[in-house]
Structure formats: structure tokens, C-alpha cells
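Novice: Each chain, letter by letter, is given below.
Number of protein chains: 2
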Amino acid sequence: MEKVNLSEKLHQLSDLWSPRIVGELNGQHVKLVKIKGEFIWHHHDAEDELFLVIHGRFDMHLRDRVVTIRDGEFFIVPRGVEHKPVAENETHILLFEPVGTLNTGNVRNERTRESPERL
Amino acid sequence: MEKVNLSEKLHQLSDLWSPRIVGELNGQHVKLVKIKGEFIWHHHDAEDELFLVIHGRFDMHLRDRVVTIRDGEFFIVPRGVEHKPVAENETHILLFEPVGTLNTGNVRNERTRESPERL
Numbered sequence: 000m001e002k003v004n005l006s007e008k009l010h011q012l013s014d015l016w017s018p019r020i021v022g023e024l025n026g027q028h029v030k031l032v033k034i035k036g037e038f039i040w041h042h043h044d045a046e047d048e049l050f051l052v053i054h055g056r057f058d059m060h061l062r063d064r065v066v067t068i069r070d071g072e073f074f075i076v077p078r079g080v081e082h083k084p085v086a087e088n089e090t091h092i093l094l095f096e097p098v099g100t101l102n103t104g105n106v107r108n109e110r111t112r113e114s115p116e117r118l
Numbered sequence: 000m001e002k003v004n005l006s007e008k009l010h011q012l013s014d015l016w017s018p019r020i021v022g023e024l025n026g027q028h029v030k031l032v033k034i035k036g037e038f039i040w041h042h043h044d045a046e047d048e049l050f051l052v053i054h055g056r057f058d059m060h061l062r063d064r065v066v067t068i069r070d071g072e073f074f075i076v077p078r079g080v081e082h083k084p085v086a087e088n089e090t091h092i093l094l095f096e097p098v099g100t101l102n103t104g105n106v107r108n109e110r111t112r113e114s115p116e117r118l
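Quick mapping for you: the protein sequence lines, in order, are chains H and U.
Letter 78 of the first sequence, counting from 1, is numbered 77 in numbering that gives the first Met the number 0, and no numbers are missing.
Letter 37 of the second sequence, counting from 1, is numbered 36 in numbering that gives the first Met the number 0, and no numbers are missing.
Next comes chain H alone, as it looks inside the complex (with noise of 0.2 Å):
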């Protein structure tokens, strides 16, 4: 039971694409991740997803639209819509999602993080 600040916890993560675990509760996870370039499409099947802008901007390309997230704003990709983050200069995001929540969410490939530690 001790306070996190974003800030130093983003200092100590390094990797991009590589969410880390900063916080648990209810069964959700808070988690910080790096991002810089393209992901890759993929949907969740059981889980929705809060994309928190701590730093910076990306896109978040829906089939239908892209939306632009900036610091200080956030969206929620709810279970089932397809999705595919793209951020041109290096952006923090903190997520919230369900426990077990995998960043390629349907798909397995070289960009999957099985399990995600703690920062």
C-alpha cells in the first residue's frame, strides 16, 4: 500500500510495446507502456481497455476513424472493436484493464508480452 508516481515508474521503463504492471485492484491491472511507430490490429475478446495519455500523443486507428489522444485525455476501446495504436514521437500511456489482458489481445506473434511484470 504505497503511493506510485508515474514519473519515476516511466523512468525506470526503458523498453517500447513492453506494458509493466504499476498497480492492481478488482481484478484490473494498471499498467505504464512506451509506445514509438506502429502496433499491430487486434481486438480483445472479454476485455475493455482505457488508453490514459501521460505523455505525448498517438493515434488510435479504428476501422472506421482514427482518433488523436493527447496528454491529459484518454479513451476506452471497449471488448470486441479492433484497434491498432500508431504514435509518431514516443508517447506514456497508462492502461486499465482486466488482469491477463494481452497487449495483442487475439493475435500471438513477436510482439505479444506473455506476462507482463511489475515496475
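To be clear, the hints were calculated from the coordinates, so they are not data collected in a lab.
Glycine included, C-beta positions come from ideal geometry on N, C-alpha and C.
Under the rule of at most 30 Å between Cα atoms (straight-line distance), these lysine-lysine pairs were calculated in the DSSO-like manner: (1) 8(H) / 8(U); (2) 83(U) / 2(H); (3) 83(H) / 8(H); (4) 8(H) / 2(U); (5) 8(U) / 83(U); (6) 8(U) / 83(H); (7) 83(H) / 2(U); (8) 83(U) / 8(H); (9) 83(U) / 35(U); (10) 35(H) / 2(U); (11) 35(U) / 8(H); (12) 83(H) / 35(H); (13) 2(H) / 35(H); (14) 8(U) / 35(U); (15) 35(U) / 2(H); (16) 8(H) / 35(H); (17) 2(H) / 8(U); (18) 35(U) / 2(U); (19) 8(U) / 35(H); (20) 2(H) / 2(U).
Stretches of chain H that chain U covers, calculated by requiring three or more beta carbons in the stretch to come under 8 Å of a beta carbon on chain U: (21) 3-16; (22) 41-51; (23) 72-80; (24) 91-103.
Based on these hints, arrange chain U on the given structure of chain H.
Specialist: Just chain U now, with coordinates in the frame of chain H:
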């Protein structure tokens, strides 16, 4: 499925100690609340509660210590743990907690907000 800008939402929120819903996912609510002054001691029987400071700072009083939480920091109060938020100056907080979580937990009094509205 629209993005949420925290500053814009906070601008629309004038009441103190009155959490408002700004998002929902996986049976959890994302809420915003403005606080100033002292709240009441309470706990939540079945809900863990996350407090992320967006602006300002506040003291989370626990029975055995006080934790100061500043902007860019979050703190999780596990279910069953008595707590009392106190803010010397107006502070803006994002809450993440299960749908139905009552702001005063096990206590019902004039500080209770039975059904938080969407903002």
C-alpha cells in the same frame, strides 16, 4: 466511444466532494472529483479504490499513517481499509472503482452522494 479530455470535464465540474462519472469499463467506473477540506472516515467493504491526482495534492489519512499524494501520483486503498482524504487546497482527482461504489463507503450521511451522474 469518444475520447475524454480531463481538463474539459473538470471545467464543467463545480461541486466539491461530488464524484461524477466520465467512463465505464469492465464493471468499473472512471470518475472525477474536486475536493477541498476534510472528508469523513470510512471504508468500502468490497471495493478497492484508486486515487490519481490530476491537479493539486492531498493527504490520505489512514489509521496508522498519512500519505501525501501529489499530481502525477496515485494511491490504491484496498477494501476494508479505513481512510479519510484531506486537502488543504482544491485538488482534482481521477477515481477508478467498481460501479456502485459509494463515496462514503460504509457510512451514510449528508456527505453521501447516492447516484453519481455522468459528466
